[in-house]
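Engineer: The residues making up each chain are set out below.
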Amino acid sequence: MSAQDFHQLAALFPDEVITHSHVKDIALPGVDGAPSAGTFALITLDNALDHRRPSTLGPNTLVELGTALQEQRERAKRGEIIGVGVTGKPYFLVAGADLSAVKSLKDRQSGLWMAQLGHDVYSTLNDLGVPSFVFINGLALGGGLEIALNANYRTVSTGAGALGLPEAFLGLVPGWGGVYLLPRLIGPSNAVTVMLENALSNNRTLSGPAAYKLGIADALFEPADFLEQSLTWAARVLAGEEVSRPNAVSEPLSEENSAAWDAAVERAKKFVEAKTSNAAPAPARVIELLEEGKHFTKAQSFAAEDEALADLMATPQFRDTVYAFLDLVQKRAKRPAGAPDAKLARPVTKVGVVGAGMMAGQFALLFARQLKVPVVMTDIDAARVDKGVGYVHGEVDKLLAKGRLSQDAANRTKALVTGSVSKEAFADADFVIEAVFEELNVKKAVFAEVEAIVSPECILATNTSSLSVTAMAADLQHPERLVGFHFFNPVAVMPLLEIVRAPKTDDAALATAFATAKALRKTAVLVKDAAAFVVNRVLLRLMAEVSAAFDEGTDAHVADNALRPMGLPMTPFTLLAMVGIPVAQHVTESLHAAFGERFHVSANQQALIDAGIKGLWETAPDGSVSIPASTLALLSFGNSPSTEQELLLKTQDALAEEIGLMLAEGVVAGPEDIDLCMILGAGWPMHLGGITPYLDRVGASERVNGKLFHPAA
Amino acid sequence: MSQNRQIRDVVFVDGVRTPFGRAGEKGIYASTRADDLVVKCIRELMRRNPSLPPERIDEVAIAATTQTGDQGLTIGRTAALLAGLPQSVPGFAIDRMCAGAMTAVTTTASGIGFGAYDVVIAGGVEHMGHHPMGAGSDPNPRFMSERIVDPAALNMGNTAENLHDRFPAITKDRTDAYAVASQNKLAAAYAKDQIQPDLVPVATLKPEQGWTLNTVDEPPRPGTTVADLAALKTPFRAHGRVTAGNAAGLNDGATVALLASAETAKELGLPVKMRLVTYAFAGVAPEVMGIGPVPATEKALKLAGLSIGDIGLFEINEAFAVQVLSFLDHYGIADDDPRVNRYGGAIAVGHPLASSGVRLMTQLARQFQEDPSVRYGLTTMCIGLGMGATVIWENPHFNATTTSATSTTEGSAA
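As they're listed, the protein sequences go chains A and B.
Under my numbering, the letters of the first sequence match residues 1 to 713, in that order.
Under my numbering, the letters of the second sequence match residues 1001 to 1414, in that order.
These aren't lab readings, by the way, just hints derived from the structure by calculation.
Incorrect hints may appear among the rest.
[To be verified] Sample of chain B residues at the chain A side, in silico, Cβ under 7 Å: (1) Lys1040; (2) Met1046; (3) Leu1199; (4) Pro1201; (5) Ala1203; (6) Lys1206; (7) Gln1209; (8) Trp1211; (9) Thr1212.
[Claimed, not checked] Computed cross-link-like contacts, SDA-like style, restricted to lysine to any residue with a CA-CA straight-line distance of at most 20 Å: (10) B:Lys1206 / A:Asp25; (11) B:Lys1206 / A:Gln70; (12) A:Lys24 / A:Gln70; (13) B:Lys1192 / A:Gly33; (14) B:Lys1206 / A:Pro90.
[Said to hold, decoys possible] Label pairs and their in silico Cβ distance ranges: (15) B:Asp1138 / A:Lys343: 36 to 42 Å; (16) B:Ser1051 / A:Lys298: 42 to 48 Å; (17) A:Asp507 / B:Glu1208: 54 to 60 Å.
For each residue, glycine too, the CB sits at the ideal point set by N, CA and C.
Can you make the complete structure from the sequences, with help from the hints?
Structural biologist: Structural data, given as structure tokens:
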């Protein structure tokens, strides 16, 4: 490795948005009014763009930072400076490595260079000849936070938004020193929290105060004069003030620390197994580096980190995660494909909810909280209405008790949600959504009744998961205002909304639906009116394969665990129990009616429903699961069992087939929308890229469809 | 109704300011908000006085001449919120052009004296880069049509030339010499670390340059000579006398002070740097606004029962050298009297309009501490549209037995 290699690497990215390293000499204020102690070199990382474009770290950026740091090392040697500080543009230290750059590295050698470049640059921070400081003024993720970890001292702003090491989530390791430095700075247990538990829990991040509390920073200052106070603090440290690090672990490890280290590794292993089924390689590499790193020197760890990064950057899981995270969740989710011009949207100033059951209550709460407009719930009698409104008010009280709502906001939200036994209350509503029994005639009758009361422009929305929206519109006077508005359970939590356009739905209605989804803070995906839309169709095709195999005689454990290599959030039978067997059966029947044998309707499941059994598995006190004999007695099996491998392959092929058909039918604009739906609606892992990159990767796309979903560019 | 109402003593507890900057694109605060400058001062004041519980502050009065944009939205309130003071602490904005901060002090001090407040924050700000003098103003045409104000009076440089006309004894040579002395005195004060302790370091970020920390004033031009000044243009009048060298510049900066009733200061263990004796404002012809300090001082001395001979230290704002000299001539004080502007003045350090009043006070407070031979001092300034403001202070460190370090200097009239 040489500077030449780095320049060669940097030259591969002529279009990198460079985060510049601006160096300013500062006369560091003296302590308590004393004269200035000397010149302090302050480096500002700034990509010259506004707060919508976080600073990132690409090869050119790192080379520039490295050059600036080397210059400071020379100046320190000459006695020109007494310290070096690094901080960022407003709201950001640095958001981390430039993922699009890292993703596009062509070979392992380039990945290795990238890893080594980061270490080379960051190590200088610890070898300047004068103390180094990083003032964490704002967001600092991954390589951004690792800049701080490599310095001698750190301050953090109480206003710093998001701090963390999300590498394990992205398919990498915190390999610019993080995995070595963090456990030593804040203790192995805290390090596992930051590097694995937070990273793999929807990429959870730390606030400035939380980071300070863990010991990631040595001092905490408020944003109003964060940099001034950080520099004053730096002056005191340079004048000899002690910095205490109660969570730090020093080497050689004490017996107690050694035991804590091992315990943290064990905890990490259990957590990762439970969270990912070990389906993705990155978390395991983090654990490996942490476990082996217990006895590593810094140089040994850095070398191992380089290798791990080079390996992982070349994995499809990393590339697919970047696709899922950057291209889908961060970008495509914000600009839904096929959504009409937002200017066509009409204002929604009052909402009607037909029905006052559980689902209706969840809708009413969401609309009232997010849209902050009056919401009226109706049902056939006062008791049901009161119960529905009472549920919403009760939920508001729970939010109040948890401190999620202020008293004023709770009062406001409760006042917004009212009930009525008469749909006349919808007369001035702009948006009416039904949450009544899942039967076409019931829904048609409801909309006919509503249409007689509301204005011709009022949006009518159905939350149907399996019925034809087109059929529902058939007898409406104004079918152009009917849209499908398909939420996922629990409504408050799941981020996805499938918006269904029926043939007669007009652009204004659709635009209003998308605007409403955005105001509800949901990610909307436009889908065509086709049975079960996207998420349920894909999920139930998968379930159909598993239940068919089970019915054919595959051992229940084999059937339920065959898909583990995919790392789905739960096993098929667990999912089935959670959704409810009757619901799943009902939707499967609809799909069977629409698409035939691809959606196997299981006689065994019907037997369970008939017997009132809610799930296959019974959990023993030791945590193991089995099917009770009484349940088994109800079931009948064929004699052509599958192995785990066979069932996995069969399911992959089934998914590739189904998604291929959905794309051919034009259910969504492209495979990206399928992936986005599966990530946000079913919680499928990003390392699968949702699903289609995985199907490409395992060969299913070519086996079944003769082509990839994502042909190489 | 309050019974047994008494007038309470008002004390100046502490004052700080930002380093002053030169207005304009190249100035240190070109990319910095005016309200942020105030916020940094308030926070430093709170840090310097840790025994003051923030909830005990009864008012935050902040002056700005132009109250729009980053100086708008009731800046006393916004600055209090942005500084992290409790929501229970109220604030307001105040304006008397150049005497804004001074008026913030006198107004809130009156509230303390009356018993409505115990502790207040008073200060001022002017970001003349963001808010050029008179920007957005819409003078009533009656000023002109009915000759209520000479049109020339709306331009401060013209009023300074007018003052030269009125006092022919004040020559350009005298004003230039006075300006050079101001630069030299400020440089000397910097060398003796008399300025720096009351400055709040301000970090600023400029595009493509990165963050820096501003710890000293930008406007001073130490080493300026009379010959340098003689070469400058006279922008307000051909062959005139007023130049950029013998006037204060266009500047950005903020100041804040902490005032309290004497008993509250005692209760909270706050330092007492000055005791307020009295104050006065007075109006003069707008076209010679620079003479304002004379009638204001006359009035204040009368209210205080003092004579000019009782005043041992003067902090007079140097909007223009001619205006300072007209004041000194009125009282028969020499141009180089050591009681006057010991640390130099606005000609050297700058004059961010509404902020300057508290700078005068902070400097007088430090001089009081340095010189216990002095019992009374005054802070005074001229104000656009023809006014003057004077505040008389008493030195709590006064000790009749000491002699002033500078009292041997010729020209002392004390």
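Engineer: Now tell me if each hint is right for this structure.
Structural biologist: Here's how the hints hold up against the structure:
1. Lys1040: Cβ of B:Lys1040 sits 5 Å from chain A, so the hint holds.
2. Met1046: violated (11 Å)
3. Leu1199: violated (9 Å)
4. Pro1201: Interface hint status for B:Pro1201: holds (5 Å vs cutoff 7 Å).
5. Ala1203: holds (4 Å)
6. Lys1206: violated (9 Å)
7. Gln1209: holds (6 Å)
8. Trp1211: holds (5 Å)
9. Thr1212: holds (4 Å)
10. B:Lys1206 / A:Asp25: Status holds; Cα separation ~14 Å.
11. B:Lys1206 / A:Gln70: violated (24 Å)
12. A:Lys24 / A:Gln70: OK: A:Lys24 and A:Gln70 at ~15 Å, within 20 Å.
13. B:Lys1192 / A:Gly33: Distance ~13 Å between B:Lys1192 and A:Gly33 Cα, so the pair holds.
14. B:Lys1206 / A:Pro90: holds (11 Å)
15. B:Asp1138 / A:Lys343: 36 to 42 Å: Distance hint for B:Asp1138, A:Lys343 holds at roughly 37 Å.
16. B:Ser1051 / A:Lys298: 42 to 48 Å: 46 Å Cβ-Cβ, so the 42 to 48 Å window holds.
17. A:Asp507 / B:Glu1208: 54 to 60 Å: violated (44 Å)
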